[in-house]
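Participant: What follows is the residue order along each chain.
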Amino acid sequence: MRTKHLFLAGVAILAAVATTSAVPGGGTVTGKVTYEGTPAKQKPIDMSKEPSCAKLYATPPTTETVVTGPNNALENVVVYISAGAADEPPPSQSAVLTQKGCRYLPHVLAFQVNQPLEILNEDQTSHNIHPLAKINREWNKSQPPGTPPIVDKYDKMEFIPVKCNVHPWMHGTFAVLKNSHYAISAEDGGFKLPNLPAGKYTVTAYHESYGEQTQEVTLTGSETKSVNFVFKARPY
Amino acid sequence: MEETSAQQAHVHAPPEGFLRKYVFSLDHKVIGKQYYALGLLAVCMGMVLSWLMRFHLVWPTTRIPGLELLSKAGAPGGIITPEYYLSLLTMHGTLMVFFVLTNAPFAAFGNYFLPIQIGAEDMAFPRFNMMSFWTTLVAFLVLILAFVIPDGPPISGWTSYAPLSAVGKDAGPGMGWGMNLWAISIAIFCIGSLLGALNFIATTLDLRAKGMTLMRMPICTWAWFITSCIALLAFAVLLPACILLILDRMAGTSFFIPSGLVISDRLQPHSGGSPLLWQHLFWFFGHPEVYIAILPSMGIVSHILINSMRKPLLSARVIIYSMMSIGFLSWMVWGHHMFVSGMNPFSSLLFSFPTLTITIPATIMTLIWLGSLYGANIRINSASLFALGFISMFVSGGVSGFFLAQPSIDIVLHATYFVVGHFHMVMGVASIFGVFAGTYFWFGKMTGRMMNETLGQLHFWLTFIGTYCIFMPFHYLGLVGNIRRYSAFVNDFTGPLMPLHKFITIAALGTGAAQLIFIFNLIYSRYKGAPAPENPWSGTTLEWSIPSPPPWNNFGGKHPIVYHDPYQYDVKGSKGDYIMQDSPEPSAG
Amino acid sequence: MSSTIYQPVRTPPPALRGSPLPAARVAKVLSGAEGASQSGIWVGIFAITMSFAALTSALFVRQGSGADWTHIALPSVLYANTLALLLSSATLQMARRAITAVPPVEPRAVPVGLGWLMATLGLGSVFVAGQFEAWRQLAAQGLYLATNPNSSFYYVLTAMHGLHVLAGIVALALVIGRIAASRATSRKSTFEATATYWHFMGILWIYLLLVLRTKL
Amino acid sequence: MGKLFAVVLVVIALASAYPIATRMYVMPEDISTHGHAIDDQLSDTMKEAGFSFLGAQLVLAFFVFKFAQRKEGAKLTHLPGGAKLVVTVAFIIVGAEVFALGVLGQKAWANVYFTPPRPDALQIQAQAGQFAFYFRYAGVDGKFGAIHPDKIDEGNQNFFGLDPANDIESRDDIVSGELAIPVNREIHLLMHAKDVGHSFYVRELRIQQDFVPGLDLSVHFTATKIGRYEIVCTQLCGLGHYNMKAYLNVMAQDDFEKWMKQKASEL
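Protein chains in written order, with numbering that gives the first Met the number 0: chain F, 0 to 235; chain V, 0 to 588; chain Z, 0 to 215; chain U, 0 to 266.
If you are wondering where the hints come from, they were derived from the structure by calculation, not from laboratory data. Treat the hints with care, since some could be wrong.
One-sided excerpt, in silico: chain V residues whose CB lies under 7 angstroms from chain Z [said to hold, decoys possible]:
| # | residue |
| --- | --- |
| 1 | Ile200 |
| 2 | Ala201 |
| 3 | Leu231 |
| 4 | Val236 |
| 5 | Gly251 |
| 6 | Thr252 |
Anything over 12 angstroms on all C-beta distances counts as not near chain V; from chain F, calculated [unchecked claim]:
| # | residue |
| --- | --- |
| 7 | Gly25 |
| 8 | Glu87 |
| 9 | Val95 |
| 10 | Glu121 |
| 11 | Met156 |
Glycine is no exception: its CB is placed at the ideal position from the N, C-alpha and C atoms.
Chain F with its partners taken away, still in its complex shape:
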């Protein structure tokens, strides 16, 4: 009796997973993120207090709060399905944040709820990682060179600013998302959300300085819909 119930439950779960997970050959949402106006001038970072990092750069690197490409392309924008797609179990391979040359690579790291997160220190100095989480549990750890990677995961969706307490200029973003349908706009501002089953979706674009924009899109089959975002840039 009981076993039968368990079996049915199992089937139900399997079915649910089958319907929600990405179907190959589904529809695709693609597009471009751009800005209008003059974005803030990115300032060179003075790393003289950390010679082991400073010596890695011929010319000092600049801040990355607003990274732009040719013809008003806006980089580092997280584009994801905020509604319409069901939550998905996390993938097993971990998202990796690397600290190299006293910067976060990548500057914006997107991964799924409960997906393993791995943080590496490839510098000769010890770093401190302090994700300023508000919804998730906040923590603050240092990572001296030669220590094992810090492994962690987040169990709620949130955009988390990440900072290094030792090197004030080191800032990045964790995008903790509910499903696998996300992309980060490239140098040309382009992004692509493939393998979406038919349905009505809300597409959201998040930028660390300019905030969020959302658009609705409906997919019927395996067609490709284009969605573009335009952010307003401020000089200061």
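Starting from the structure of chain F, add chains V, Z and U where the hints point.
Facilitator: Same frame as chain F, but now just chains V, Z and U:
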């Protein structure tokens, strides 16, 4: 009948049962031993912490196997993180200053010998006495609880400067519950110490035996008495300071936190507080605390020196008056810790002068000790060696005070290893030497068995040479401007200093290992030591007039009558070259 | 060397020196005990004074340091409380007159004294209750511990003083119990010590009230 | 054993004094106009302290050597003069020393703290935060823009919380991670703490001053030697304390102007 009622009126009945005898004992002797044990535990922990710090400083990338078991976040893969280094530093300082330097020479020996030396059957308030120990123990447990909570111990140093210590977890790892535990622990410790000090004072004032005038009290009794007066004021100030700190942390008040602080990218919700207020309150306690640590050892050492020299000091009174004036001056000098803190530069001058003035009584005491050695016949044994070592250490640590007492020189030496060397020598090592001397001198009385001399002297030589090897170089580092409280030396100029740092670390590990001899000696002698006679050192004071160990009521229900000043040595009496305080025979004059 | 360094055990160890307790010393021991509790209480008072001196000087420093100091109007009930505390000191004096007078002023001295002691206890409790009421009134005005520096200090000072008064009340209850059970030994000393402490609480409160009223 | 103690003590005393006497460990050369007074004070004190140290240790060693473990029943004597002599000596010698150091010796301190900065001193604002120093120059308008703590955004290099959108004065403020100053010109450093207590310490300048949150202090100094020197934090400020440093870059006047132009162009 009358008598028994009198007994009940003041003296507790003989203890019954294990708990009353050894755990919740009202007997000042047991409580003294309990304090000693607590101090011993704390000093071992503090020493291990200092080993870890020294090791990390010179071999920063070498794994310390097993350390990640102590703290996974603090030492990932056995490599100490910067914040964990600061945690170790904070706990080392707090354990050593509060639970070792305040407990061992003052609370431990004071509890055991002050009542005996004045001919009392116990402290004035035996229940308070027991409470003060157990409160202190609770404070200790609360403090080390910080090691096991996920947050880890606080990282703001034993001085816990606000606002770093006051703003909460945004200030960094360990500044959440770790810091709360620290503040609560110290507040509890204050209560315990206040009870203890109150007890010491009342006992000294009211329970002296017939004929035991104040000036007939042994020098160490005087030292404990003066110390308890200082402690009474000092901890009475630290307690409210801790309460205000706790409120700033947990209730959102702004006593020490000014407005507009941005910490970890967050604007702190406080306004108008004054960080300097904490510094003033803390150092108003903090500087007298230094004398709470050193005065008892001065007393113990004088007591032992006189006995080993077999003749009185040039003047015991001068020593007592010097200790009084040091205790008095210690209330006017706290500002010399704050010369570069942004305090009004004129008040720096005001603070500098009394600070320098303290060198006068200190020098007088040193010269009295030295001068008294002249023409003596010094017995050399572990106790007297450590007493002589104390004088040497006290001088070495004292002279560096000349520098730090001057604001202008403090500009370059403040917060360097010079300061670390200074206070470790004068307040740390010197007063610990006093404790060692006291232990070798009184162990027989306390346990009924003598400590092993051979091991004792071996322990002395290794410790004496070792501590100089550790703490003298600290001064050199400071003179170059090497900053203290750094978990790694990343400055360009510190490279050439690393050999010296390595030397210090090796010396520290070695000297630390030498302390195992002492601990072994304690345990070995406790069970296998030669039985202790009633008066092994042919001493004159009352503790030598009763069996070793003394009965529960010290004088077996009798009340000694005191006929002499404490140190009747070098007189041709019937029993040899000394007359005991309670023996009716006439003194030499 | 270890054996030669100190005198070997003299066997058998001689009897303890010192005189057996003479009758004359009994009084001395007793008065020693009494003296102890007297000087004990004075030392305690000294420490408490020191603590409150630290707190109030902190108050003055804080008042000067920040621009955010806003004076709060003290709840009027405080003055009633003050009156209660002062009265309690008076009743305590009456109790002392009745109990400690030798020879007893009247046969029923002790019961009368007990009555006065009860009154003292009652007034003390009234004071504490009144302090709570004062807190309630402040809270009603939206003034809490962390509202502004002045309220912070108000709560801290009144709370710490209140705790000390509560300790005094416990001591009083103890004394009443002992006297009621008429235990002869060291009754006087405890009583006297408690009385001293209680009067000090009154004086301390007056001082705090003045400090809290001052507008620098 | 007594003799051994004496010998060991003498060895320790001499060995301790040797690195001092041979100046093995000393501060780097002073590059400030006020520092020499501090250095003189330091070396005077070192002489007096060294004398007292060696004196006391050697006397101790000598007495122990001479008076330890004499034969049983040896005649005990007392120091001629006794306590009176000792106390008088202490009062006279140490008293004189105290007076010398405590009163006459305060000149160095006065040089630093009792002389106000000259009006033409170059004003630079230093801000200490966990765990770096940043320095601000007023720019062409000679005015510092107001500080808005809520506007502080380190990711965007807005360490001072400036508000260029609304505050014109702040637009030309030059913010730098290194303290660049012209040589032989008095600098008036306005000190501001962003979060907790820090300290500003340059060994070569013989300057150390705490940053106290909520209390804006200032120091002034004149550097007399071109070069690059380390600025370190000496007030425990958190986990990155050991790594909180910056560089003081003393330049020739025209180099300094070039540097300012360069920085202005980056705005």
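Participant: Look at each hint and say if it fits the structure.
Facilitator: Structure-based check of all given hints:
1. Ile200: Because about 5 angstroms separates Ile200/V from the closest Cβ in chain Z, which is inside the 7 angstroms limit, the hint holds.
2. Ala201: 4 angstroms, holds
3. Leu231: 5 angstroms, holds
4. Val236: 4 angstroms, holds
5. Gly251: At about 4 angstroms, which falls below the 7 angstroms cut-off, the nearest Cβ of chain Z leaves the hint on Gly251/V intact, so it holds.
6. Thr252: 4 angstroms, holds
7. Gly25: 40 angstroms, holds
8. Glu87: Since the minimum Cβ distance to chain V is about 30 angstroms, Glu87/F lies beyond 12 angstroms and the statement holds.
9. Val95: Given that every Cβ of chain V is farther than 12 angstroms from that of Val95/F, nearest at about 17 angstroms, it holds.
10. Glu121: Given that every Cβ of chain V is farther than 12 angstroms from that of Glu121/F, nearest at about 15 angstroms, it holds.
11. Met156: Consistent with the label, Met156/F stays out of reach of chain V, its closest Cβ about 21 angstroms off (over 12 angstroms).
Comparing the model with each earlier hint shows no violations; every hint is respected.
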